[in-house]
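Asks: As a plain string of letters, each chain reads:
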Amino acid sequence: MGISQPTKAPEIIRERDEILSSQINEILELYRGERSELIPILQEVQQRLGYLPEAGLKRIARYIDLPESTVFGVATFYAQFKLVPTGRNMIRVCRGTGCYVRGASQILETLERELGIKAGETTSDLEYTLETVACFGSCALAPVVVVNDRVYGRMTTEKAQKILANKKEK
Amino acid sequence: MQFKDVKRQAVTQWEAAQNSSRPRILIGMGTCGIAAGAGDILETLEQELEKAGIQAEIIKVGCIGLCYAEPLIEIVKPGKPGVFYGNLQPELIPEIVKDHLVGDKPRSDLALGARSEIALEGIPKLFDLPVLKPQVRIALRNCGNIDPADIHHYIANGGYDGLSRALKMKPQEVIDEVKKSGLRGRGGAGFPTGLKWQFCHDAPGKTKYIICNADEGDPGAFMDRALLEGDPHAVLEGFLIGAYAIGAADGYIYIRAEYPLAIQRLKTALQQMRECGLLGERIMGSGFNFDIKIKEGAGAFVCGEETAMIASIEGNRGMPRPRPPFPAQSGLWGKPTNINNVETWGNVSAILQRGADWYAGYGTEKSKGTKTFSLVGKVERTGLIEVPMGITLREIIYGIGGGIADGKSFKAVQTGGPSGGCIPASLLDTPVDYESLTAAGAIMGSGGMVVMDEGTCMVDVARYFLTFTQAESCGKCIMCRLGTKQMLDILEDITNGRGKDGDIELLLELGQAVKDGSLCALGGTAPNPVLTTIRYFRDEYEAHISERRCPALSCKAMLTYRIDPERCQGCGICARACPAEAIRGGKREVHVIDQSKCTRCGTCLSVCPSKFGAVVVTAREEAAVA
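Chains as they are written, first to last, in this note's numbering: chain A, 1 to 170; chain B, 171 to 796.
Some hints could be false.
Chain B regions said to be covered by chain A (calculated; three or more residues, Cβ under 8 Å) [what the hints assert, rightly or not]: (1) 200-208; (2) 386-395; (3) 469-479; (4) 549-560.
Note that these hints are calculated values from the structure, not bench results.
Yeah, the Cβ is synthetic: ideal placement off N, Cα and C, and Gly gets one too.
Work the whole structure out from these sequences, hints included.
Replies: Set out below in structure tokens:
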């Protein structure tokens, strides 16, 4: 759940935030601005932009008429929300119990080593983000790794290396 | 259109499909099936059918529960029982199409079983297989048999008959029926469902809400996902029956965002219900109005707790609040609210379809009916199972599960996820019911059942669960927020070879304090995995602390990897694979691991060809570095 540091220069991020805030306005038009819509709005922004830009959170707070601190509080409470951009490829390693007893930690260590980052971090070229997830509910195929939307079951350290090699070729 | 017309149409279509002259092929396309490669199987199958010029109906079904055998297909030829093929590889498809579909010879060498009354040409009866024989499928009755994206399949199999029956009864009569069935909440705590409904029904106020808890958060559990993916209407029908009984006009389904396929299935199902007059105004022509909204969770385990879930639906941080008032009096937006989980709703529809007496015929005196479990971990046959209450853990693990994988020996079974406990071999004959599992120090929980073998370190298991609960604590109660952190620190010390005398006693004391000092069940049960592992596996804790030894050879800080010079062939595979460059040795020479560089990642062990088996792990000889 830790927030990793932005990997690009702050001014570039700020510039991009401004472009993104117009996209956020488009999203907000779909909602009436009710209190209960806060989480669905954050989810929509996260879905479309890949993260929640700071300017966007302020805009959402005004739209629903909530203190910025409340919006920030909700955005940082839930694991789904990211406050910094994530990589183009999202690699998520399941750390559910089924995966744990079948060796998920070796898979995670292998991926960390291959990518040169720790879980929760993004590579400096913004290509990969590595995360752990509580459980994907595919425990019968443990250990499980999800790359973007594709679920890979019955993982081994060799298979993990192969998946990365295939991705890098493309 | 009236429901009876919808039903007539559904039955006609279903019968026409059963009696069709075209073969039908059912393919398991749940998340697990897809992850195991069902997509490639489907593609190959379509190509081969076209090549062979066979017109077949392909139905994408949910999970039948034989996860160990995924990907899985069932071939039904006109007038013949269905034959199941499992563990499929795309290369096998042309053979199966040629022999079974073009010719008429089911491949008994590849088939898993047949859906027939007697064994068929060398293929065993599917429901006589040890994995299925002890099972009773009530909640999962349609999973794997029907197309979950077609409401007509559900209706043709008795679906919505329960709702139809309920709407002809008074709400109180429906509640009485559920009370009589003995159904208890399947989310974990086992509160009697009918009684819960009664409280909400009796609460004053016109506006009431009903919530379906599909926030299946326990790591190691996937029953609710499979049920929603495989038969969403079984859950939705139960949900409508509950709404009618308590008098709610609005319902929410709170579902994890990690389950995209289940969400998609629900959306399709709601659309089709609307088209069939089963959602909205005047449902089935009665005076009952009801609508459902889907709320996607945003990744917080604590939201499985009722009051936290309500806070989350309202748009807040999902933090629990003190009870009373219970949600039945003051829940969502301060109105009386009833929450049950997915599996409970799936049982309610069956109870109203077939009657409380039929349902109560299964199970034990205090725990009626069946329970689904996700049977995972170091067991031979992993899967989604549904068993009558009262069956023993031994029957589940050794009968259905086929015993321990890879010829290892059983150490413990974990039920109830982070709130549960580890049950040792001496208690394998414990019957599965709410009271017996609680007495054993575990809980029924929502249905995660993780089998552990001799290679699983029980101290590390406790550390693993504490890592989870500590990260998921919402932070409201001090004992949960900080007490779990202290417990985790101690467990990390022990597993890293830095344990001290008195650590076990301190864990016991802290565990009790966390239990007593937490508002909700997350904190109240978080110490359970630690307390039960100390209760049954205290010797493992003591070995870590006083001998700096991990008996399961699992805790890295206490291991040494060596290369057996007698067995090493000097192939160099390990040296090339070692990420720490800790292995030296020339071609055809015995290799040696430099212990000062070794990170004990285990790569050499996994790459050393099994015919050599030269890498050996032993308990660390020198004292661990503090």
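Asks: For every hint, state whether the structure bears it out.
Replies: Taking the hints in turn, this is what the structure says about them:
1. 200-208: holds (count 5)
2. 386-395: Coverage by chain A holds here, the residue count being 8 at a Cβ distance below 8 Å.
3. 469-479: Coverage by chain A holds for the segment 469-479 of chain B (3 residues, Cβ < 8 Å).
4. 549-560: holds (count 3)
When held up to the earlier numbered hints, the structure conflicts with none and fits them all.
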